[in-house]
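Participant: Counting from 904, one number per residue, gives the positions in the sequence shown under the working numbering.
You may find that some hints are simply not true.
Said to hold, decoys possible - Straight-line Cα separation of at most 30 Å, BS3-like style, residue types lysine-lysine; simulated pairs: (1) Lys942 - Lys962; (2) Lys961 - Lys935; (3) Lys935 - Lys962; (4) Lys966 - Lys946; (5) Lys1015 - Lys966; (6) Lys946 - Lys961; (7) Lys1015 - Lys961; (8) Lys962 - Lys1028; (9) Lys942 - Lys966; (10) Lys966 - Lys939; (11) Lys1028 - Lys1015; (12) Lys935 - Lys966; (13) Lys961 - Lys942; (14) Lys962 - Lys1015; (15) Lys939 - Lys962; (16) Lys946 - Lys935; (17) Lys962 - Lys946; (18) Lys961 - Lys939.
Don't read these hints as lab results, they were simulated from the structure.
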Amino acid sequence: DRMLMAWSLEGRVPFVDHRVVEFGLSLPDELKIEGKQGKIFLKRWASRFIPGDHLWQKKRGFKVPVGEWLRGDYLARVARCLSHSPAMNEWFQPAGVGQLIERQHQRGDVTKNVFALVQFAIWHKLFIEGDGAAPPALIDPVDFLSGHA
């Protein structure tokens, strides 16, 4: 829901209509859940239109290719940006941040840690250094942090 809202997408419109909600609430329990599967009635109805077993698969989130982003030239931009970030200089040891970036460059096995630093730097710039106003939606995070918005 948060990911959809971040891009101004609405992913649950039919379920907000009170008539749909009332209909769903009126269904007997055996049409709502079966074992660990929920929305049985809806899935059976939709299976007439959607081929395969897509409806019965476990939910999956959006895959964000962070590991692919934090390589090569973009990682170098992230490193420059973080080295000048007030958040990094105030809350972290610059040498440690540099070592983490270098390890990401060499092995690529600390992606989540580097991404967390970028997110922290963005949060810091928005809410500690700034007034909390959201940046333009389609700005590169590194451009935002470096002031090239």
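Participant: For every hint, state whether the structure bears it out.
Facilitator: Results for each hint:
no. : hint              : in the structure
1   : Lys942 - Lys962   : holds (13 Å)
2   : Lys961 - Lys935   : holds (16 Å)
3   : Lys935 - Lys962   : holds (17 Å)
4   : Lys966 - Lys946   : holds (24 Å)
5   : Lys1015 - Lys966  : holds (13 Å)
6   : Lys946 - Lys961   : holds (13 Å)
7   : Lys1015 - Lys961  : holds (24 Å)
8   : Lys962 - Lys1028  : violated (34 Å)
9   : Lys942 - Lys966   : holds (24 Å)
10  : Lys966 - Lys939   : holds (24 Å)
11  : Lys1028 - Lys1015 : holds (20 Å)
12  : Lys935 - Lys966   : holds (29 Å)
13  : Lys961 - Lys942   : holds (13 Å)
14  : Lys962 - Lys1015  : holds (22 Å)
15  : Lys939 - Lys962   : holds (12 Å)
16  : Lys946 - Lys935   : holds (10 Å)
17  : Lys962 - Lys946   : holds (13 Å)
18  : Lys961 - Lys939   : holds (10 Å)
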